[in-house]
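Q: Same order as they appear, the protein sequences are chains G and D.
Going by my numbering, the first residue of the first sequence is number 1, and it counts up by one from there.
Going by my numbering, the first residue of the second sequence is number 1, and it counts up by one from there.
Among the hints, a few may not be true.
Which copy is meant is left open, because identical chains are indistinguishable; a pair holds if it fits in one copy or across any two.
[Unchecked claim] Pairs of lysine to any residue residues, derived as SDA-like cross-links and limited to a Cα-Cα distance of at most 20 Å, are as follows:
1. 69 with 16
2. 69 with 172
3. 69 with 97
4. 69 with 43
5. 69 with 53
6. 69 with 25
7. 69 with 95
8. 69 with 96
9. 69 with 98
10. 120 with 77
11. 69 with 99
12. 69 with 141
13. 120 with 181
14. 69 with 103
15. 69 with 100
16. 120 with 61
Calculated from the structure, these hints are not laboratory results.
Residues per chain, in single letters:
Protein chains: 2
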Amino acid sequence: MTGTITVYFEAGAEGDWLIERIAPVIGESLPAAQRLSMSEAMARDHRPIWRLRGVVSNARYSTAAELAKLAAVSPPLGRPEAAAAALIPIRKSETWWAMGQDERRAIFEETSRHIARSMKHLPAVARRLHHSRDLGDPFDFLTWFEYAPQYAPAFEALVTELRATPEWQYVEREVDVRLVRR
Amino acid sequence: MTGTITVYFEAGAEGDWLIERIAPVIGESLPAAQRLSMSEAMARDHRPIWRLRGVVSNARYSTAAELAKLAAVSPPLGRPEAAAAALIPIRKSETWWAMGQDERRAIFEETSRHIARSMKHLPAVARRLHHSRDLGDPFDFLTWFEYAPQYAPAFEALVTELRATPEWQYVEREVDVRLVRR
């Protein structure tokens with residue numbers, strides 16, 4: 001009815017994705033686990049080591065022109081060749097959230113070029129953003145990326161670049177989870 | 001931890017606010033009830049006739065300049081003289097949510113002057129916005145207003161004005177609940 005989808009990420013013994021590594025980038029990490037499942041329903045038959053959830057909701061910064069450009073080149077999730085994935089949960093600071101929409105947009109794109117930098121990696125990298133802040137959860141966003149294993153170095157360059165931008169001065173927690181479909 | 005607060009609105013036999021009327025503005029109404037409670041915890045000792053919830057979260061359209069102007073003249077909730085209140089739950093259309101941030105902002109403020117129109121009623125009307133869309137609930141927003149009973153005609157003029165703006169073409173459900181503290 002509302003056009004949003006809640007997605008659950010559950011780390012434990014089950015799931016389509018094998019966790020290769022969980023690295024803290026800023027602040028506290030997440031507990032080690034073997035596998036990850038991503039689904040639109042909470043699994044009720046096991047107790048995961050950790051569970052994160054997020055909502056696929058409306059864009060918060062992208063303009064209509066940017067949305068159209070992104071839509072034209074964004075690949076879907078689940079491509080058979082995209083056997084590598086990253087789940088990057090992030091929390092931003094209260095300073096970030098207290099700013100006006102214009103200030104956040106300016107840092108996000110005009111200064112840090114978040115969309116422009118990401119666009120260069122399309123259609124190689126499929127991406128889905130999940131919003132968690134309004135759920136009162138420990139992270140504000142969970143971003144999920146899927147790419148072919150041979151694209152890993154280029155993806156690495158993208159996240160390294162983004163972490164050096166002014167926007168990242170407002171990131172107070174970030175964990176980097178890397179996975180392979182196996 | 002995340003800087004958001006979840007607020008519950010429960011309609012039933014209890015609560016500080018007496019419901020004077022519940023009117024459907026667009027689409028389906030809400031069931032009749034006698035009283036309303038607004039709190040940051042779900043009441044567990046009774047079954048309300050209906051319960052809505054929303055999250056006090058970051059601003060989505062206001063610029064830094066607008067936030068500063070609003071902060072300078074916005075009164076707190078709970079003023080003794082503000083014995084009248086309105087709870088206005090709203091859902092916007094998928095067309096609205098699919099638009100770019102720039103398009104939504106332009107309709108919201110540059111065209112419909114939502115902030116500017118509301119600002120004229122400060123500090124008479126206290127206001128708090130609660131976001132529900134990412135919770136997957138039937139409404140996208142719940143806006144709560146408090147004002148002195150003698151201000152009711154001016155408040156009525158404000159909501160009538162807003163409902164005639166281009167922004168309201170994207171409202172697909174709206175209910176207007178009016179209350180008195182008694």
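Q: It remains to establish, for every hint, whether it holds in the given structure.
A: Hints, one by one, checked against the model:
no., hint, result
1, 69 with 16, "neither (31 Å within a copy, 51 Å between copies)"
2, 69 with 172, "neither (30 Å within a copy, 28 Å between copies)"
3, 69 with 97, "between (27 Å within a copy, 17 Å between copies)"
4, 69 with 43, "neither (35 Å within a copy, 47 Å between copies)"
5, 69 with 53, "neither (28 Å within a copy, 35 Å between copies)"
6, 69 with 25, "neither (30 Å within a copy, 37 Å between copies)"
7, 69 with 95, "between (30 Å within a copy, 18 Å between copies)"
8, 69 with 96, "between (27 Å within a copy, 19 Å between copies)"
9, 69 with 98, "between (29 Å within a copy, 14 Å between copies)"
10, 120 with 77, "within (18 Å within a copy, 47 Å between copies)"
11, 69 with 99, "between (27 Å within a copy, 13 Å between copies)"
12, 69 with 141, "neither (22 Å within a copy, 29 Å between copies)"
13, 120 with 181, "neither (24 Å within a copy, 57 Å between copies)"
14, 69 with 103, "between (23 Å within a copy, 15 Å between copies)"
15, 69 with 100, "between (25 Å within a copy, 12 Å between copies)"
16, 120 with 61, "within (18 Å within a copy, 28 Å between copies)"
The structure does not agree with the numbered hints 1, 2, 4, 5, 6, 12 and 13 stated previously, though it agrees with the rest.
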